[in-house]
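Engineer: Protein chains in written order, with UniProt numbering: chain R, 1 to 341; chain E, 1 to 462.
Treat the hints as calculated values from the structure; they're not laboratory data. We put the beta carbon where it would ideally sit given N, CA and C, even for glycine. It is possible that some hints are incorrect.
Claimed, not checked - Which residues of chain R face chain E? A partial, calculated answer using Cβ under 8 Å: (1) Lys-5; (2) Pro-6; (3) Phe-10; (4) Ala-173; (5) Asp-179.
Unchecked claim - Straight-line Cα separation of at most 35 Å, DSBU-like style, residue types lysine-lysine; simulated pairs: (6) Lys-460/E - Lys-374/E; (7) Lys-113/E - Lys-334/R; (8) Lys-57/E - Lys-332/E; (9) Lys-417/E - Lys-255/E; (10) Lys-460/E - Lys-113/E; (11) Lys-113/E - Lys-327/R; (12) Lys-417/E - Lys-136/R; (13) Lys-133/R - Lys-120/R; (14) Lys-136/R - Lys-255/E; (15) Lys-417/E - Lys-5/R; (16) Lys-136/R - Lys-57/E; (17) Lys-136/R - Lys-5/R; (18) Lys-374/E - Lys-57/E; (19) Lys-57/E - Lys-327/R; (20) Lys-5/R - Lys-374/E; (21) Lys-266/E - Lys-255/E; (22) Lys-57/E - Lys-113/E; (23) Lys-68/E - Lys-374/E; (24) Lys-133/R - Lys-57/E; (25) Lys-68/E - Lys-417/E; (26) Lys-374/E - Lys-417/E; (27) Lys-266/E - Lys-374/E; (28) Lys-327/R - Lys-460/E; (29) Lys-68/E - Lys-113/E; (30) Lys-332/E - Lys-266/E; (31) Lys-136/R - Lys-120/R; (32) Lys-57/E - Lys-68/E.
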Amino acid sequence: MTDPKPPRRFEVPTESAKTAPQPIPSLATAQHFPLESVGARVEETPESDTRAERAVDDALSPPRKRRWGLMTLLSASLVIGGIQCGVQVYEAVIQNDPFSGLWAALGVFGAGLLARSGGKELLRLKRLRRHAKVRKRLENTPLDQPLLADTARHMRVSRDDPHWRSYQNAVNAHHDGDDIRTLFSHHLLGPRDRAASQLITRMSSETAAMVAISPITLLDMGLVAWRNMRMIDRLADIYGLELGYASRLRLYRHVLANLAFAGASEIAVDMGSELLGMNLAEKLSSRAAQGLGSGLMTARLGLRAQRLLRPLPFTRQEQPTLGHVRKALWQQLKRTDERRG
Amino acid sequence: MAWTLPRHIRDVAERGLDRQVRLAVTGLSRAGKTAFLTSLINQLRHAGLDAQLHLIKASREGRLLGAKRELQPDLSLARFPYDEALSSLGETPPRWPTPTRGMSELRLSIRYKSERPSKRLLGETSTLTLDLIDYPGEWLLDLPMLRQSFLDWSQTMNALLTPSRRTHMAEWLEAQSDLSPDQPADEQQLADLSAHYTEGLHRVRNNGGYFIQPGRFLLPGELAGAPVLQFFPLLSCADWSDEALEALPPESLYKTLKARFDHYLKTVITPFYRQHFQRFDRQVVLVDVLTALNSGPEAFDELRTTMEALMQSFSYGRAGLINRLFAPRIDKLAIAATKADHVTPDQHAALVELLTQLMNEPLNDLRFGDIESKAFALASIAATEARRLEEHDAQALSGTTLEGEHVLMFPGEVPSKLPDAAFWARQGFQFTGFRPRPHTEGPLPHLRMDALLDWLLGDKWQ
Ligand SMILES: Nc1nc2c(ncn2[C@@H]2O[C@H](COP(=O)(O)OP(=O)(O)O)[C@@H](O)[C@H]2O)c(=O)[nH]1
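Same shape as in the complex, but just chain E (with noise of 0.2 Å):
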């Protein structure tokens, strides 16, 4: 903890001069963190040459001059990959960005000219300097695991048992069915079992789930087969009282589980909010709304319980868990609807409504918190064109999809109300993946990005 400290005192030092700014992008896997962070470290560099932005004040007045990069300040941070990235979209035909796993980072220093008098004074242009890190919001989903004990979590995850759960699980269910808390550890044993696990939960996120608990066994990183990530909910716990588990002996597997199960508390997730999550500044939460409402009322459904989990890390009203364990800081949140292309433009306001009504609840506790936040409607990176079409007077869009067919489509209306049983039945929404348009140099094209940099850092560059 203590090389943290200066640190800390840099951080408060560059803050009080409105210098810094710690902006942190999250999301579900998929959820187009990397398209984002791409697209936005893209726009900024063309920033004062021939980039989009007209939406940001500074930028349509000319005072935003341009940003490059700098070194990382941390050093064991992985740096987020924007050359690869940008290849990527160079290649023909075009490849999406590979996804980022774990958490990486990477600084710009933006110059600006400043709007007011007194700071132009004191040199001719100012710089901000803006880190961004991008980390899963899978990580986000362990929050509530600080309160649980081994034996609640195991109730919890034993109650999030679904059918189509159990079908993706049941390698795992059938290994661990003959299992007792009190037999003694076998190394290899919870190796294999934990094994099954994981697999079981990336069928499940692969098979449209959300919900994933611990986060970090889909995402490992440098954790991989550590023993830290080796455990499961111990479902033979149920026939078991308080008093005989807690009688049972170290060595046996409820307590070894138990074990590891509080040492992934204490090294994994407490750690992540400590060092990192309590000196993020400003937040964005990028929520992939079309493909889940494309996936049916299941898939959409759990969306939103899992956003509402996720969202807890950021509920600072009183009776916040967040707030009671850390000191967070963030002041304000964005929270955007990814891969608005997919869309014509018409959809763009129901889009943006339905993702207020999916963040109800969580909207509301932030309000409670203090913490300013809105709700946007982007795509990073367009891949697609609106078109007008006179003769159906209908708008469409043009783009090649992922298998390489140009198509122009109406993809269906977006509802802007939380869908019913109805909307289903006739599931009127169709969505097709499309390869991003070719790109030599210049700017990507984007949609909305500069009225999020403009609600989320206009006051930095005032």
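So here's chain R without its partners, still in its complex pose (with noise of 0.2 Å):
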């Protein structure tokens, strides 16, 4: 309180004292936060970290280093291949010569559809960059109104939608970091958290019921991959964000490795622990028993991807839990496991 800034009185502008100063349309900077926040941070990472978790840090997070050397090499050759085959189509109609014209026609076709392709790409690792940006803010300044305004921005959140519109419609001038973290919260990403894991626990049952029933374990490896990489990209969907093919490939890759590799093991020290938790009197058949293994495997890697896109990092009482997968799980497994007999 170095400087009070004295009370002063302003001219009331007669007739339009209602829309000449504008209602605060949001919040001033640096606030206090009370005596006990109630928004404790979630501590990274309580469980141990299996591999294929990791794979999903390094996919949806950015990638550290630009290849420029690899971009401009691409870039160039598209852009030489693309007028060559320009300047062949030219010189085709001009020898009359139909066959070299519709190949080459074709040849520019491909490089533009590339090019598309290309910077899309490039759109997408963008957005990743700024998503990490996003959260990286959101988590070191005090929140304030334009801070989360730019966030939903972000997560492709439009000014109709009712979500947004019933967050305005909840926030006030005198609400502060504190209450705006607990309005957004509640308003835009309760929602889709809520979609989120739906899609896990169902994403992870229905992985689990398919392995128990598939005959054949490297078909099922493959399966499991497959849905995991669904699932996460439909997740991205939910919280705005659209993963590129370098974050997919990066992905599969990793994600194929673990199951096939060191799979095997992670699944079963994973099944002893999550078992204990369960109700061991029923018994599994083996082939129950690695569904169970698979789409444990699957809902972990499911929430682990979901703390990655939500913008806003998870306060411990919101922050869900394997349990809540692992009781559907189980329930599904028991289900194909009566019927298979």
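These two chains come separately, so use the hints to put the complex back together.
Structural biologist: Here it is in structure tokens:
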């Protein structure tokens, strides 16, 4: 309180007292958090990471270095190829050579397609980079309304979205950082969190059932990897992000490798500890147990991906746990097991 | 005492089911108790319809369905005049509700949907019975008297006579100057002197004083004129030895005053704690920090010492007086700076900080006694609207003053630390009384009432 601002009176604008000074649209900066801040941050990873989870982290974080050389090479060859084909079309028209002309036209078309998906890929990478930046900013600066409006834009929530509107309706100039965190979590993230949890539960119990009834082990490794990919893709979509080919490729490679080589032992370990949490009196067939293992694996990956994709970190109470998924899994498996007899 | 027993047992049974809460609201007079309770009842009655209670979790999740008034259980207590308060807010021009005097009560039953599936199975909706009790904070100032003898108390009161208090109390000081402890007591003389003393206390109070003892003198309620309220400190005791005073006959002035003092402790203070205070579950203490800040250093310091004395009633630590005498059970205590609509939203954080600093010592005691406590800044009934002035790059308040003039102003910055001499020298704060905004129907506008309610009662409608 070095130099408190003195009290002052302002002219009341006649007539338009309502219109001239705007109702405060947003909070002023720097908020003190009250005594006991309710939103305790969740510590990173309570359980030890499996390798597959680390793969998710890796794929969902933006690439650390930009490969300028590779990018120049690719784009330059695309451009040159495109131009060359264009020239060929021109020549073919002059020389009245329909076949080489058509081939060249196809070449131009192909180059265009490649350029387009290349551009898209770059855009997605940029968004991924921005995602990391947004998360960091949300964690390090006190929350205020412009910041969260920015986050919503990043999540591709439109101004007419009912969730956004109910959030706007709820926030008020006198709300402090914790309040708007609560309101944002409730109105904007709440529905998305629920959708994500449902998806994870469904995907993991389906995966478990598939593995439980599939006859060939190798086949289900592939199956599991593919389904995990789809799940992470859709999770990203829920939080307004889109994975590029590069991320996907990395994810696919990692997940597959982990499942195929390290997977077996990890699943066994996982299962051991997870089974303790369940009713051991009921026995499962060994196929069903394998199914359970893959189901749990999928669930863990899903939860991990969700945690990375959500722009605001979960508070301790909000954090979804494996426990919810486990129950659904167990029921699903018992059902399939019984059906198989 | 016997007739309270069944009530206690019923309390215990209902509390066991977690369906009943007794929420007490207190504060020194003019702190804003009446406005607070009016708004609280109003917000809850509009819950589930059009109330702006976004910071209550149950309300956000659509689980708070509504509240209605019930017949109050304690027929000997006044009913909180909610309808009267609301209709005075609806007048043109709107008027602040008439302050309540003494203790009043109102029972609400709140319907909500439980979060827990097991509870939801039992019935579609659950009901929470909320008893709201309003009582003057001055009554809590009497607690330290329980530990004192009449002689001790007279000396404490003597020490309290600052020069400014002496001017307010001049009449009484003058009248009692020739009293001697051994003179025979005259009923009429005692009544006159007590009247002077009470008038003096009123003057002190109206001039920014906060520490008033005995608390019941200002708001006597049904005891007005009764001899139990006709005593005063006997300053001339100081010249006498303890033995000499003890040896005086029962009709002497000293012995008469002493008997009335003891009677006051036994029939006024103790019953309040026994029959009411002991049964509160949750407590709100309202503090009008802004008015004190506006009145100057002396008032501000006095507010601080007064709050310290008042908070003794909640200091449940092993050494606390309250614990040795009674068995209180308050487990959550909210301390709120009221009238936050007198400052711009960017000052609210500083206001909470200042309140925390003001209550620093009492709050430490609370933590010791395992009471959860939290500080808030709120406006029960927001009389102003915050505006942003782009051309000045500043926030300002727009409202109508009590005199009816429409103003747009920045009232100054609230210091976030206890103000020092430099602050007072600049006197950087200007407090203007505002008239409530016109209100016809719908919920009353408020600031952060929902945050307080969620913290205080959130666990009850889980
Ligand atoms: N602006 C504003 N003034 C308030 C508010 N609450 C109380 N006041 C003012 O404080 C005065 C005293 O409040 P009241 O509730 O009667 O105090 P009580 O003696 O503790 O019951 C009222 O007349 C109002 O002028 C509030 O939320 N906002």
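Engineer: So, for every hint listed, does it hold in this structure?
Structural biologist: Going through the hints against the structure:
Interface restraint check for Lys-5/R: the shortest CB-CB distance to chain E comes to about 5 Å, inside 8 Å, so the restraint holds. Against a cut-off of 8 Å between C-beta atoms, the interface hint on Pro-6/R holds, since the closest Cβ of chain E lies about 6 Å away. Proximity of Phe-10/R to chain E holds as hinted, the smallest CB-CB distance being about 4 Å (cut-off 8 Å). Annotation: interface hint on Ala-173/R holds; nearest CB of chain E at approximately 5 Å, less than 8 Å.
Residue-level restraint check for Asp-179/R holds (minimum Cβ-Cβ distance to chain E is 6 Å; threshold 8 Å). For the given pair, Lys-460/E sits about 17 Å from Lys-374/E by alpha-carbon distance, which is consistent with the 35 Å threshold. About 33 Å separates the Cα atoms of Lys-113/E and Lys-334/R, which keeps this hinted pair within 35 Å; it holds. As the CA atoms of Lys-57/E and Lys-332/E are separated by approximately 18 Å, the hinted pair is consistent with the 35 Å bound.
The straight-line distance between the Cα atoms of Lys-417/E and Lys-255/E is roughly 47 Å, outside the 35 Å bound, and the hint therefore fails. Simply put, Lys-460/E and Lys-113/E have alpha-carbon atoms about 11 Å apart, close enough for the 35 Å limit, and the pair holds. Distance check on the hinted pair: Lys-113/E and Lys-327/R sit about 25 Å apart at the alpha-carbon level, within 35 Å; holds. Taken as a hint, the Lys-417/E and Lys-136/R pair is honoured in the structure, with Cα atoms around 32 Å apart against an allowance of 35 Å.
This hinted pair checks out: Lys-133/R and Lys-120/R have alpha carbons roughly 20 Å apart, not beyond 35 Å. The straight-line distance between the Cα atoms of Lys-136/R and Lys-255/E is roughly 74 Å, outside the 35 Å bound, and the hint therefore fails. As the CA atoms of Lys-417/E and Lys-5/R are separated by approximately 15 Å, the hinted pair is consistent with the 35 Å bound. Distance restraint check for Lys-136/R and Lys-57/E: the Cα-Cα separation of roughly 27 Å lies within the 35 Å cut-off, and the hinted pair is therefore satisfied.
With a CA separation close to 33 Å, the supplied pair Lys-136/R and Lys-5/R stays within the 35 Å bound. A hinted pair counts as satisfied when its Cα atoms are at most 35 Å apart, and Lys-374/E with Lys-57/E qualifies at roughly 18 Å. Among the hinted pairs, Lys-57/E with Lys-327/R is consistent with the structure: their alpha-carbon atoms are about 27 Å apart, no more than 35 Å. For the proposed pair Lys-5/R and Lys-374/E, the alpha carbon gap of about 28 Å is at most 35 Å, so the pair holds.
Between Lys-266/E and Lys-255/E the CA atoms are separated by roughly 16 Å; this keeps the pair inside 35 Å, and the hint holds. Distance hint between Lys-57/E and Lys-113/E is fulfilled; the C-alpha atoms sit about 12 Å from each other, no more than 35 Å. A distance of roughly 28 Å separates the Cα atoms of Lys-68/E and Lys-374/E; the hinted pair therefore holds under the 35 Å criterion. The hinted pair formed by Lys-133/R and Lys-57/E meets the criterion: a straight-line CA distance of about 30 Å does not exceed 35 Å.
Under the criterion of a C-alpha separation no larger than 35 Å, the hint pairing Lys-68/E with Lys-417/E is inconsistent with the structure, at around 42 Å. A hinted pair counts as satisfied when its Cα atoms are at most 35 Å apart, and Lys-374/E with Lys-417/E qualifies at roughly 17 Å. Taking the CA atoms of Lys-266/E and Lys-374/E, the gap is near 33 Å; set against the 35 Å cutoff, the hint holds. Among the hinted pairs, Lys-327/R with Lys-460/E is consistent with the structure: their alpha-carbon atoms are about 28 Å apart, no more than 35 Å.
At roughly 16 Å between alpha-carbon atoms, Lys-68/E and Lys-113/E fall within 35 Å of each other, so this suggested pair holds. For the proposed pair Lys-332/E and Lys-266/E, the alpha carbon gap of about 28 Å is at most 35 Å, so the pair holds. A distance of roughly 24 Å separates the Cα atoms of Lys-136/R and Lys-120/R; the hinted pair therefore holds under the 35 Å criterion. Restraint check for Lys-57/E and Lys-68/E: the C-alpha separation of about 20 Å stays at or below 35 Å, so the hint holds.
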